[in-house]
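These protein sequence lines are chains A and B, in that order.
Numbering that gives the first Met the number 0 numbers the first residue of the first sequence as 0 and each following residue consecutively.
Numbering that gives the first Met the number 0 numbers the first residue of the second sequence as 0 and each following residue consecutively.
Simulated from the structure, these hints should not be mistaken for lab results.
Among the clues, some could well be false.
What the hints assert, rightly or not - DSBU-like, lysine-lysine: derived pairs with alpha carbons at most 35 Å apart:
{"hint": "1", "chain 1": "A", "residue 1": "K122", "chain 2": "A", "residue 2": "K107"}
{"hint": "2", "chain 1": "A", "residue 1": "K347", "chain 2": "A", "residue 2": "K285"}
{"hint": "3", "chain 1": "A", "residue 1": "K414", "chain 2": "B", "residue 2": "K218"}
{"hint": "4", "chain 1": "B", "residue 1": "K199", "chain 2": "A", "residue 2": "K122"}
{"hint": "5", "chain 1": "B", "residue 1": "K185", "chain 2": "A", "residue 2": "K60"}
{"hint": "6", "chain 1": "A", "residue 1": "K117", "chain 2": "B", "residue 2": "K218"}
{"hint": "7", "chain 1": "A", "residue 1": "K371", "chain 2": "A", "residue 2": "K327"}
{"hint": "8", "chain 1": "A", "residue 1": "K72", "chain 2": "B", "residue 2": "K185"}
{"hint": "9", "chain 1": "A", "residue 1": "K155", "chain 2": "B", "residue 2": "K185"}
{"hint": "10", "chain 1": "B", "residue 1": "K163", "chain 2": "B", "residue 2": "K209"}
{"hint": "11", "chain 1": "B", "residue 1": "K170", "chain 2": "A", "residue 2": "K35"}
{"hint": "12", "chain 1": "A", "residue 1": "K168", "chain 2": "A", "residue 2": "K130"}
{"hint": "13", "chain 1": "A", "residue 1": "K90", "chain 2": "A", "residue 2": "K25"}
{"hint": "14", "chain 1": "A", "residue 1": "K376", "chain 2": "A", "residue 2": "K35"}
{"hint": "15", "chain 1": "A", "residue 1": "K60", "chain 2": "A", "residue 2": "K34"}
{"hint": "16", "chain 1": "A", "residue 1": "K25", "chain 2": "B", "residue 2": "K7"}
{"hint": "17", "chain 1": "A", "residue 1": "K34", "chain 2": "B", "residue 2": "K240"}
{"hint": "18", "chain 1": "B", "residue 1": "K163", "chain 2": "B", "residue 2": "K130"}
A quick note: this is a predicted structure, and the numbers were derived from the prediction, not measured.
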Amino acid sequence: MKLIKSLVFFLIIFGISSVSNAERLKIQVGEAGSKKSTVVFSKPIGTSSINMSTLNSTITKNLEFSTYFQIIKNQSVNSSNKDLTTEASEKLYADGIEFLISGSTSKKSNNSDVVQFKVYFLKSFKLAFDKVYSGNVNNIANNFSDDFVKKLTGKKSIFNTKFAVTTDKVGNGWKEVYIMNWDGSALKRKSTHKASSLSPSWSPGGNQIVYSSITIQPKSGMRNANLYVHDLRTSKVTMLSSRPGINSGGSFFPDGKSIAMTLTQGGVPDIFRIGLNGSIIDRLTKGPGRAMNVEANLSPDGKKLAFSSDRSGRPMLYVMDINNKVPKRLTFAGRYNSAPSWSPDGTKLAFAGWAEGHFDIFTINVDGTGLKRITQKKRSNGLWSNNESPSYSPDGRFISFISNRSGKKKLYIAKSDGSSVIPINQGDRYNYYHAKWSPFLR
Amino acid sequence: MTFGEESKKPLVYSVLLHLSILAVLVVKPYFSKEVKPFQKSIKVDILAMPEKDQKIVPILPDIEETVEKKDDTKKASKPKTTPVVEKLKTQTAQKEAKKEVSKKEDKPVEAPKETNTEMDAFKKLNDLKRKEKEQEALEALKQKQKEIKGNRLSKGTGLIGVEKIEYTNYKEVLHAAISTDWELPKWLLESNLQAVVEIKIDHDGNLVYKNLVQSSGNKIYDEKVMEAIISASPFNPPPEKFKSIVMYEGVVLSFP
Chain A
0 MKLIKSLVFF
10 LIIFGISSVS
20 NAERLKIQVG
30 EAGSKKSTVV
40 FSKPIGTSSI
50 NMSTLNSTIT
60 KNLEFSTYFQ
70 IIKNQSVNSS
80 NKDLTTEASE
90 KLYADGIEFL
100 ISGSTSKKSN
110 NSDVVQFKVY
120 FLKSFKLAFD
130 KVYSGNVNNI
140 ANNFSDDFVK
150 KLTGKKSIFN
160 TKFAVTTDKV
170 GNGWKEVYIM
180 NWDGSALKRK
190 STHKASSLSP
200 SWSPGGNQIV
210 YSSITIQPKS
220 GMRNANLYVH
230 DLRTSKVTML
240 SSRPGINSGG
250 SFFPDGKSIA
260 MTLTQGGVPD
270 IFRIGLNGSI
280 IDRLTKGPGR
290 AMNVEANLSP
300 DGKKLAFSSD
310 RSGRPMLYVM
320 DINNKVPKRL
330 TFAGRYNSAP
340 SWSPDGTKLA
350 FAGWAEGHFD
360 IFTINVDGTG
370 LKRITQKKRS
380 NGLWSNNESP
390 SYSPDGRFIS
400 FISNRSGKKK
410 LYIAKSDGSS
420 VIPINQGDRY
430 NYYHAKWSPF
440 LR
Chain B
0 MTFGEESKKP
10 LVYSVLLHLS
20 ILAVLVVKPY
30 FSKEVKPFQK
40 SIKVDILAMP
50 EKDQKIVPIL
60 PDIEETVEKK
70 DDTKKASKPK
80 TTPVVEKLKT
90 QTAQKEAKKE
100 VSKKEDKPVE
110 APKETNTEMD
120 AFKKLNDLKR
130 KEKEQEALEA
140 LKQKQKEIKG
150 NRLSKGTGLI
160 GVEKIEYTNY
170 KEVLHAAIST
180 DWELPKWLLE
190 SNLQAVVEIK
200 IDHDGNLVYK
210 NLVQSSGNKI
220 YDEKVMEAII
230 SASPFNPPPE
240 KFKSIVMYEG
250 VVLSFP
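Kindly generate the complete structure, drawing on both the sequences and the hints.
Put into C-alpha cells, the structure is as follows:
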C-alpha cells in the first residue's frame, strides 16, 4: 500500500512538472517548392580541335536530362580570360540567370587539347567551379556534367554510367551483348556468339559482365543456355557454367567473387551460388516440389535475394534472406510478375508485371507495401504497349525499361516515379532487350 | 481463495490499470516530438475586486513577522520539550509501578517527592500546545487574507475553446505565409537537408528577430530558408493573447 501511495505521489509531482514548461510556437514548414536553376553558356574562347559547340550541346543535353537545370540558349554572354566581374555577374543575375558556364580551350605543352570550364554562381558573384578536362568530346561533356552536379548535390550523377544490353543489330535473329553510354551513344558489341544472348548483368565495380547465351554445349554438342563472364578490361570471355539445362540469370555478390544464378539440377530450375571458377558454392532455393525459382537478383548489400517463382501457381516475386534461406512472397497482384531490380538503397524493387493483357513496370517497397505502376502507354494502334526489364540507375533517381510503345523494342529512361520518360536509341531500327544499368564507373 | 480476496482482485487491477494510464500520459510528452502549445497559462482573478465594506485584515508583512517570531519561540522551546515529555513518561511509568507495588503490599501511599517537577512539566507541555494552536490560527489568517476577492491566484488552465482556435489559426497563417515563399533549387530538393530557425514577431506582425538555430550544413539551403522567412514578412499581427509569446518567446520554424 505504501508503495502505491508513493507511486501516486511521484506520478502527480512528475505530471505537474511535465506540464509546467510553457513552450514556444513551433511550426514544421514542410517540403519546399522547387524550380530549375537557370544556366547560360558564355561564348567559347580559344582555338583547338575540340568542337566547343558539340561539347556545349552535349553538356546542355546532360544538364537538362538531370531535371535540375534550365539552359537559357538565346542569351549571348561574351567571355574573357579574366574572372567574371561583379558588375557582369549582377547584370546576369538581374536577368534571372543563376549559373554561368564558361569554357575555354587551349593546348598543353605536349600539344594535346584541353578545355577549362569555369562555373560562376551569379548570386554570390563567386567562382563555384574551375577544372581542366581532356579527352574526346563525349568524355569531357560527361565528366564535366558529373562534376558540376556533384558539386551542387554532393552526389554522383549518372553521366558516366553505361548500359549492358542485348540487341538484334547483328541480324540473323541473333541477339548479342552490347555496351553503350547511358544516353545510347557509343554502342559497342561485346559478345560474338552468333546466338541469342540474354540477361546481362554488371559486376559491382563495373569491370565484368555476366550473361547467358544459347550456345553449343561442349560435351553434348547441343545448344544450351550457358553462362559467360566478359572481363571488360581484358576483353576475355569465360564460359562459367555449361551444365545441361539452364545456366542463366547471373547476379554478382557485392564482393564480386561469386554469382547467384539459375541451374536446372534435376530438371527443375533453382538458384545456386557459384564461384568464378564455375563450382557450386551453395544451393539457395529448393522447390517446393517442382516449383521453378528463377531470375536471381541480389540486393546491393548482398544479404537478400529477390527472385521469381511459380510456387503459388503463378509466377510471383519473392525475397529471401541469404542466411536463413526463408523466402517471403513479395507480390500478390497481377497474373505474372518478373524481372526484379533492386533500388541502390535496397528499400525498393522495380519489376515487370503482367496486368490487363500487357506488361508494365511497377515499384514496390521491400516489405511489400507501396505497390505503384510507373508505366502505362498505348501504342499508335490503340493497344497497350509492353514495358519490361526495369533497372534502377545507380543514384536511384531513374529507372530504365524496354518498351515497344513506338513499335520496336527500345530503351527508355524515366524518373523513379515514372515521370519524365525519355527515349534512348530511337534513331536506329534495332530492337533492344534486357538493358541493365551499370554501377557508377568513375 | 476466499470470496473476499476474489472481490478485491478487480479493485487492484483497476487501480493498477489507472496508474498505468496515468504513467503513460505523464511519460509520453518526454518521448513525443509533438509540440503541446501553451501547456500552461496563469489566470489571475482581477475581475472580482474587493467589496466595499470588506474588512481588510492586517497586511501580510506583519503576519510574516508574527509567524517568524512565533517560529523562533517554537524553535526555542522545542529542544526542551522532548526531555520533559520523556521525563514525564518515565515518571508516570514509575508512578504506575509504585501503585502496583503498594496495592500488593497494601500499605498507605505517600505523595511522591517529584510532584512539583511534574506540574511544571505539564505546564510547559500545555504552553507548547497553546503556542502551536496560535501558530495554526495565524497560518489560517494568512491564507484567508490571500484568498479574498481580487487578491487570489487560481491554477493555470490549458488552452481551450476560442483560444485554441485562435492559436491554431495563427499557426496556420504563419505556416501558409512561409511555405508560399519556401522554394529550393531542384538539385537541393532531394538532399534531405534540415534547418531550424527561431524568429520573433512584434505586435504588428513585423519580423524583429531571426536566428539560424540549426544550420543544414549547406550555405545555399540556409540562405533559401532565410529568404523564405524574409519574403513572408511582415506577417499578420498576432492575436492579442499570443502577442507576448511570439514577441518574447518566439516561433521555432523547422525546415522542411
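Here is what the structure says about each hint:
A C-alpha spacing of about 33 Å is found between A:K122 and A:K107, which places the hinted pair at or below 35 Å, so the restraint holds. The suggested pairing of A:K347 with A:K285 holds, with an alpha-carbon distance near 25 Å, which does not exceed 35 Å. Restraint check: the Cα-Cα separation between A:K414 and B:K218 comes to about 27 Å, which is no more than 35 Å; the hinted pair holds. Under the criterion of a C-alpha separation no larger than 35 Å, the hint pairing B:K199 with A:K122 is consistent with the structure, at around 27 Å.
Taking the CA atoms of B:K185 and A:K60, the gap is about 17 Å. The hint holds against a cut of 35 Å. About 20 Å separates the Cα atoms of A:K117 and B:K218, which keeps this hinted pair within 35 Å; it holds. Only pairs whose Cα atoms come within 35 Å are accepted, and A:K371 paired with A:K327 is accepted, the gap being roughly 19 Å. Between the alpha carbons of A:K72 and B:K185 the distance comes to roughly 20 Å, so the proposed pair stays at or under 35 Å and holds.
For a cut-off of 35 Å, the pair hint linking A:K155 to B:K185 stands: about 15 Å separates their Cα positions. A distance of roughly 26 Å separates the Cα atoms of B:K163 and B:K209; the hinted pair therefore holds under the 35 Å criterion. Straight-line distance between C-alpha atoms of B:K170 and A:K35 comes to about 30 Å, which keeps the hinted pair within the 35 Å bound. Note on A:K168 and A:K130: the hinted pairing is violated, with a Cα-Cα distance of about 39 Å set against a maximum of 35 Å.
The suggested pairing of A:K90 with A:K25 is violated, with an alpha-carbon distance near 39 Å, which exceeds 35 Å. At most 35 Å may separate the alpha-carbon atoms for a hinted pair to count; A:K376 and A:K35 meet this at roughly 27 Å. Of the pairs offered as hints, the one joining A:K60 and A:K34 holds, with about 18 Å between alpha carbons and a cut-off of 35 Å not exceeded. The suggested pairing of A:K25 with B:K7 is violated, with an alpha-carbon distance near 47 Å, which exceeds 35 Å.
Distance restraint check for A:K34 and B:K240: the Cα-Cα separation of roughly 38 Å exceeds the 35 Å cut-off, and the hinted pair is therefore not satisfied. For the given pair, B:K163 sits about 51 Å from B:K130 by alpha-carbon distance, which is inconsistent with the 35 Å threshold.
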